[in-house]
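**Student:** Chains A and B, in that order, give the protein sequences.
Numbering-wise (full-length UniProt numbering), the first sequence opens with residue 1 and increments by one.
Numbering-wise (full-length UniProt numbering), the second sequence opens with residue 1 and increments by one.
To be clear, the hints were calculated from the coordinates, so they are not data collected in a lab.
Since the model is a prediction, treat every value here as computed from it, not as a measurement.
Take these hints with a grain of salt, some might be off.
Said to hold, decoys possible - In silico DSSO-like cross-links for lysine-lysine, where the CA-CA straight-line distance does not exceed 27 Å:
1. LYS33(B) x LYS151(B)
2. LYS203(B) x LYS121(B)
3. LYS40(A) x LYS61(B)
4. LYS46(A) x LYS61(B)
5. LYS48(A) x LYS61(B)
6. LYS142(B) x LYS28(A)
7. LYS151(B) x LYS227(B)
8. LYS173(B) x LYS220(B)
9. LYS206(B) x LYS59(A)
10. LYS61(B) x LYS104(B)
11. LYS124(B) x LYS109(B)
12. LYS59(A) x LYS46(A)
13. LYS267(B) x LYS219(B)
14. LYS227(B) x LYS203(B)
15. LYS173(B) x LYS225(B)
16. LYS28(A) x LYS33(B)
17. LYS206(B) x LYS225(B)
18. LYS59(A) x LYS48(A)
19. LYS61(B) x LYS142(B)
20. LYS151(B) x LYS173(B)
21. LYS32(B) x LYS121(B)
22. LYS40(A) x LYS151(B)
23. LYS46(A) x LYS173(B)
24. LYS225(B) x LYS48(A)
25. LYS104(B) x LYS76(B)
26. LYS109(B) x LYS151(B)
27. LYS206(B) x LYS267(B)
Claimed, not checked - If the Cβ cut is set under 8 Å, some of the chain B residues that face chain A in the computed set are:
28. GLY36
29. GLU40
30. MET243
Claimed, not checked - A few chain B residues that don't get close to chain A, going by computed Cβ distances all over 12 Å:
31. ARG22
32. TYR45
33. GLU148
34. GLU202
35. ALA240
Even for Gly, the Cβ is constructed at its ideal location relative to N, Cα and C.
Okay, here's what each chain looks like letter by letter:
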Amino acid sequence: MNPYDVLGVSPNATDEEIKHAYRELSRKYHPDANANNPLKDLAEEKFKQVQEAYEEIMKERRSGQRGYYGSGQSNSNGGYNGSYNNGNYNNGNYNGGGYSNPNYQDRGYAYYGQRNGRDPYRGSSDCDMCDACCTLWCSDKCCEAMGGDLCTCM
Amino acid sequence: MFGYVRVRKPELKIKEYDLYRRYYCGLCRSLKKNYGVSSELLLSYDLTFLKLLLTSVYDLKTTDYRSRCIAHPLRKQRRTESEADEYAASMSILLGYLHFEDDKADSGKAGASAMSFVYRKRAKAAMEAYPRQAGTLSAELKALHELEQEKSCDIESLSEHFGNALGEIFVWKDDIFAQDLRQMGFFLGKFIYVMDAVDDWEKDRKHGEFNPFSNESSKKAVLEKAKPVLYENISASAEAFEMLPAVDNVGILRNIIYAGVWNRFDKLTEELNESI
C-alpha cells in the first residue's frame with residue numbers, strides 16, 4: 001500500500017505535514033486510546049500501518065530517492081531551494097563515524113543552513129524596505145485599481 | 001553534563017520559556033524522587049533537552065503540578081513531568097557518576113572521589129535499570145579517557161567516543177525512531193565534545209592540561225578551526241532531528257538546536273572581538 005495514502009497526504013507533502021498527519025493518526029489508532037474499543041484489533045493493525053508508512057516515507061526521503069534535497073521543493077519553513085545541497089564545507093577527514101551515507105552531513109547543511117543559516121534566529125538579509133517599494137511600484141504601474149493600466153482588476 | 005544544549009532565551013516566546021522551565025523543574029523533582037536530594041546537583045540543560053525531545057517524539061502524556069524545592073523554598077514552582085523523566089534522571093546519574101569516576105582516575109582529586117562515592121549506589125541502580133546504555137557509556141568514556149591520556153589531538157576520534165556515548169543515551173526504546181535518535185545523539189555528542197574543548201582551551205593552556213586544540217597558538221585559531229567541525233556535526237544532528245515526528249514543543253527544540261547550542265561559541269567570539 002502506498003505509504004502516502006496510509007497517512008492521507010500527497011507525495012509532495014512537506015515533512016511538517018507528514019509529521020502532523022502521522023501524529024494525528026497515531027493518536028487516533030494508538031492501542032491505549034482504543035483499549036475499550038470492540039474494533040481494537042483493527043485499530044492496532046492500522047496503528048502498525050501508520051508507523052510503517054511514516055518509517056517508509058522518512059527512509060525514502062533520507063536516502064534521497066525522491067530527490068527531495070536537491071529538488072528545490074520548499075518545505076513548511078519556506079524558501080528551501082536546495083542550494084546548500086553540496087554543503088559549504090568539505091567533509092575532508094570525516095570518517096563517517098559508523099554512518100555509511102556519505103551525503104548524510106551534506107544534507108544536514110540543507111536543513112541547518114535553511115533554518116539556522118543563521119536564519120530564523122539571526123534575522124534575515126532581505127531588505128523589507130526594498131520589497132515594500134518594489135511592490136508599491138509594481139502595483140502603481142501595473143494594476144488598474146492603483147492607477148496603472150497594465151492589469152485589469154476584478 | 002556540560003550545559004551547552006540550552007535555549008536561546010531572547011528568541012523564545014514567553015510561554016515557551018515558561019514551559020521549558022517547567023520541564024527543567026520537573027526533571028529536578030524527578031531526580032529527587034528517583035535518586036534522592038543530592039542527585040538534584042546533577043540536573044542539567046542537556047538532559048532537559050533529552051526529556052523534551054523524547055516527550056515530543058513519543059507524544060507522551062504530561063502532568064503539571066506545583067511544588068516547593070530547596071532552591072525555591074518560598075514560591076511553589078510549576079513543574080511538568082512525563083514518562084521520559086525517569087529515563088532522563090537515570091541518564092543524568094549515569095553521566096554524572098562516570099564523569100566523576102573519570103575525574104578521579106584522571107587527577108585523583110578528593111572532590112571527584114567524594115562525589116563518585118556519593119553517587120556510586122545510585123549509579124548502580126541506574127546501570128541495572130539500563131544495562132545497554134550503561135555498558136556503552138562506560139566503554140566509550142573509558143576509550144575516550146585512554147585517548148586523552150595519550151594526548152591525542154585527533155579531534156575526530158576523540159569526539160566520536162563521546163558521540164557514541166550520547167547516541168546510545170538518546171535511544172530510549174528499540175523502535176522505528178531508534179536510528180534517527182542515535183544519529184542525532186551521536187552528532188550532538190561530537191558537537192558537545194568539540195565545544196567543551198574550545199571552551200576549556202584557555203584554562204587548560206594556563207594549567208598545562210590536555211586539550212585537543214593544544215597545538216593551536218591562539219584563541220582565534222582555535223575558534224576558526226572548531227567552527228566548521230561544530231557546524232558539520234550540528235548540521236548532521238539537525239538533519240536526523242528533522243526526520244523525527246516531533247510536533248509538540250518543536251519551537252523550543254528548534255530554538256535549542258539551531259540557536260541555543262551556539263550560545264557559548266558566540267560568547268567566546270564576542271569576547272575575542274572585544275579583546276582585539
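**Student:** Determine for every hint whether it applies to the structure shown.
**Tutor:** Outcome of the hint check:
Restraint check for LYS33(B) and LYS151(B): the C-alpha separation of about 40 Å exceeds 27 Å, so the hint is violated. Restraint check for LYS203(B) and LYS121(B): not satisfied, since their Cα atoms lie roughly 33 Å apart, outside the 27 Å limit. Under the criterion of a C-alpha separation no larger than 27 Å, the hint pairing LYS40(A) with LYS61(B) is consistent with the structure, at around 21 Å. Using a Cα cut-off of 27 Å, the hinted pair LYS46(A) and LYS61(B) holds, with the two alpha carbons roughly 21 Å apart.
For the hint pairing LYS48(A) with LYS61(B), the CA-to-CA distance comes to about 20 Å; that is within 27 Å, so the pair holds. Of the supplied pair hints, the one linking LYS142(B) and LYS28(A) is violated, its CA atoms being roughly 45 Å apart against a limit of 27 Å. Proximity of LYS151(B) to LYS227(B) is assessed by CA-CA distance (about 22 Å); at most 27 Å being required, the pair is judged to hold. Between LYS173(B) and LYS220(B) the alpha-carbon distance is near 42 Å, which puts this suggested pair outside the 27 Å criterion.
Straight-line distance between C-alpha atoms of LYS206(B) and LYS59(A) comes to about 48 Å, which puts the hinted pair past the 27 Å bound. Distance restraint check for LYS61(B) and LYS104(B): the Cα-Cα separation of roughly 40 Å exceeds the 27 Å cut-off, and the hinted pair is therefore not satisfied. Taken as a hint, the LYS124(B) and LYS109(B) pair is honoured in the structure, with Cα atoms around 22 Å apart against an allowance of 27 Å. At roughly 20 Å between alpha-carbon atoms, LYS59(A) and LYS46(A) fall within 27 Å of each other, so this suggested pair holds.
About 13 Å separates the Cα atoms of LYS267(B) and LYS219(B), which keeps this hinted pair within 27 Å; it holds. A distance of roughly 19 Å separates the Cα atoms of LYS227(B) and LYS203(B); the hinted pair therefore holds under the 27 Å criterion. Between the alpha carbons of LYS173(B) and LYS225(B) the distance comes to roughly 36 Å, so the proposed pair goes past 27 Å and is violated. Our distance criterion of 27 Å between C-alpha atoms is broken by LYS28(A) and LYS33(B), whose separation comes to about 33 Å.
For the hint pairing LYS206(B) with LYS225(B), the CA-to-CA distance comes to about 20 Å; that is within 27 Å, so the pair holds. In summary, the hint linking LYS59(A) to LYS48(A) is supported, as the alpha carbons are separated by about 16 Å, within the 27 Å threshold. Pair hint LYS61(B) plus LYS142(B) does not hold up; C-alpha atoms about 36 Å apart against a cutoff of 27 Å. Distance restraint check for LYS151(B) and LYS173(B): the Cα-Cα separation of roughly 36 Å exceeds the 27 Å cut-off, and the hinted pair is therefore not satisfied.
The suggested pairing of LYS32(B) with LYS121(B) holds, with an alpha-carbon distance near 15 Å, which does not exceed 27 Å. Among the hinted pairs, LYS40(A) with LYS151(B) is inconsistent with the structure: their alpha-carbon atoms are about 59 Å apart, more than 27 Å. Restraint check: the Cα-Cα separation between LYS46(A) and LYS173(B) comes to about 21 Å, which is no more than 27 Å; the hinted pair holds. A distance of roughly 46 Å separates the Cα atoms of LYS225(B) and LYS48(A); the hinted pair therefore is violated under the 27 Å criterion.
Simply put, LYS104(B) and LYS76(B) have alpha-carbon atoms about 37 Å apart, too far for the 27 Å limit, and the pair is violated. Straight-line distance between C-alpha atoms of LYS109(B) and LYS151(B) comes to about 20 Å, which keeps the hinted pair within the 27 Å bound. The suggested pairing of LYS206(B) with LYS267(B) holds, with an alpha-carbon distance near 20 Å, which does not exceed 27 Å. The restraint placing GLY36(B) at the interface with chain A is violated, with a minimum CB-CB distance near 31 Å, outside the 8 Å limit.
Checking GLU40(B) against chain A by beta carbon gives a least distance of about 31 Å; that is not within 8 Å, so the hint is violated. Because the smallest distance between the Cβ of MET243(B) and any Cβ of chain A comes to about 5 Å, under 8 Å, the interface hint for this residue holds. With a minimum CB-CB distance of about 21 Å to chain A, ARG22(B) clears the 12 Å threshold, and the non-interface call stands. For TYR45(B), the non-interface assignment is confirmed: its Cβ lies about 17 Å from the closest Cβ of chain A, beyond the 12 Å cut-off.
No Cβ of chain A approaches the Cβ of GLU148(B) within 12 Å, the least distance being about 18 Å, so the stated non-interface status holds. Consistency note on GLU202(B): stated as away from chain A, and its beta-carbon is indeed over 12 Å from all of that chain's, at 25 Å minimum. Listed as a non-interface residue, ALA240(B) fails to keep its Cβ farther than 12 Å from every Cβ of chain A; the least gap is roughly 8 Å.
Of the numbered hints stated above, those contradicted by the structure are hints 1, 2, 6, 8, 9, 10, 15, 16, 19, 20, 22, 24, 25, 28, 29 and 35, listed in ascending order.
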